[in-house]
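A.B. asks: Sequence:
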Amino acid sequence: MAEIVSFASGKGGVGKTLLTAALGIFLSRKGKKVLLIDGDMGMRNMDLVLGLENECFYHVMDLAEGRCFAKDVILEVNDHLDFLPAAQNDTWETVFPAAMDTVLEDVEDKYDYILLDCPAGRGEGIRFAEHLSDHMFLVVAPSWASKRNAERLMTGPRKRYMTYVLNQFSLSGDTQISLTDMLETLDEESVSAIIPYTEEADRLAHQGELSDFSEKGALGEALALFWKSYKEEKQIPLPRWKKLLRRAEAENAREKVPVKTAPAGLSWHSGSRSYKWQRRR
Numbered sequence: 006m007a008e009i010v011s012f013a014s015g016k017g018g019v020g021k022t023l024l025t026a027a028l029g030i031f032l033s034r035k036g037k038k039v040l041l042i043d044g045d046m047g048m049r050n051m052d053l054v055l056g057l058e059n060e061c062f063y064h065v066m067d068l069a070e071g072r073c074f075a076k077d078v079i080l081e082v083n084d085h086l087d088f089l090p091a092a093q094n095d096t097w098e099t100v101f102p103a104a105m106d107t108v109l110e111d112v113e114d115k116y117d118y119i120l121l122d123c124p125a126g127r128g129e130g131i132r133f134a135e136h137l138s139d140h141m142f143l144v145v146a147p148s149w150a151s152k153r154n155a156e157r158l159m160t161g162p163r164k165r166y167m168t169y170v171l172n173q174f175s176l177s178g179d180t181q182i183s184l185t186d187m188l189e190t191l192d193e194e195s196v197s198a199i200i201p202y203t204e205e206a207d208r209l210a211h212q213g214e215l216s217d218f219s220e221k222g223a224l225g226e227a228l229a230l231f232w233k234s235y236k237e238e239k240q241i242p243l244p245r246w247k248k249l250l251r252r253a254e255a256e257n258a259r260e261k262v263p264v265k266t267a268p269a270g271l272s273w274h275s276g277s278r279s280y281k282w283q284r285r286r
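Residue numbers (the numbering used here): 6 to 286.
Mixed in with the good hints there might be a few duds.
What the hints assert, rightly or not - Calculated lysine-lysine pairs in the DSS-like style (CA-CA distance at most 30 Å, straight line):
1. K115 x K261
2. K261 x K37
3. K247 x K76
4. K247 x K16
5. K236 x K221
6. K115 x K247
7. K248 x K115
8. K38 x K221
9. K221 x K76
10. K261 x K76
11. K35 x K247
12. K37 x K115
13. K261 x K248
14. K38 x K261
15. K164 x K239
16. K239 x K261
17. K236 x K16
18. K164 x K221
19. K248 x K233
20. K247 x K233
21. K261 x K247
Said to hold, decoys possible - So the derived label-pair ranges between C-beta atoms look like this:
22. R72 x D186: 28 to 38 Å
23. A229 x D139: 15 to 25 Å
24. K38 x D106: 34 to 44 Å
Simulated from the structure, these hints should not be mistaken for laboratory data.
A virtual CB, placed ideally from N, CA and C, is assigned to each residue, including glycine.
Produce the complete structure using the sequences and hints provided.
C.D. replies: Following this line, the structure appears as structure tokens:
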């Protein structure tokens, strides 16, 4: 039976979808069978970072309501990673929770982990995720608004199964809130990970090629520490996280090195398909 882990946030724009997808890719590289579920009904985005937007002919509500089979809607990302897209025209307020429960019951025996990307804010989608998840990570970006809204989610009887993941942080002072200031306002034991911002992941996500991120880079190492901390229920010392943030900044500086411009013409890339035209003599 799969372990169900959800990722939530009090507001949008905190990198939650990218983080969820990246963790799924990381775990699949370790030989774990993983299902990524986009739970952001009406506003799905995970298909874009995975380069599968042109493959989504069905969605989770089609499966829940019997309009297709699992093999029709669940898309393969790699040999160990699958993806179940959210509905575009439905919202959680119109979803029948029992139907979603049935979907998970039907597929959970096929996976080691199910990672659920929740909608931002509070609502029916969050309540559904709370009741079914073995753990919920609250993703916090370097802003007070993100922190305050995430804190509002950490309430109720399921609070003990929730921890924070600080995401998109750096040590350079480019972020709205420094890591030091953020940590001073949080209980250290409530923080599972500090994930650095990396230009590589941002670029690959926008190109629909997140699956190509380097496991040997700062993001890959951060994900390894994150999962180790979660599974072993141990805190990673702050100096190790800071070392990763410095490493990420060095990688980002290399990413920004100017490259030669392409020959005149048009080059367009979307997801897993590329269309290129170059001016010819």
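A.B. asks: Run every hint past the structure and note whether it holds.
C.D. replies: Verification of the hints:
no., hint, verdict
1, K115 x K261, "41 Å, violated"
2, K261 x K37, "34 Å, violated"
3, K247 x K76, "43 Å, violated"
4, K247 x K16, "25 Å, holds"
5, K236 x K221, "21 Å, holds"
6, K115 x K247, "37 Å, violated"
7, K248 x K115, "37 Å, violated"
8, K38 x K221, "21 Å, holds"
9, K221 x K76, "33 Å, violated"
10, K261 x K76, "41 Å, violated"
11, K35 x K247, "25 Å, holds"
12, K37 x K115, "11 Å, holds"
13, K261 x K248, "20 Å, holds"
14, K38 x K261, "35 Å, violated"
15, K164 x K239, "18 Å, holds"
16, K239 x K261, "35 Å, violated"
17, K236 x K16, "27 Å, holds"
18, K164 x K221, "34 Å, violated"
19, K248 x K233, "17 Å, holds"
20, K247 x K233, "17 Å, holds"
21, K261 x K247, "21 Å, holds"
22, R72 x D186: 28 to 38 Å, "49 Å, violated"
23, A229 x D139: 15 to 25 Å, "20 Å, holds"
24, K38 x D106: 34 to 44 Å, "21 Å, violated"
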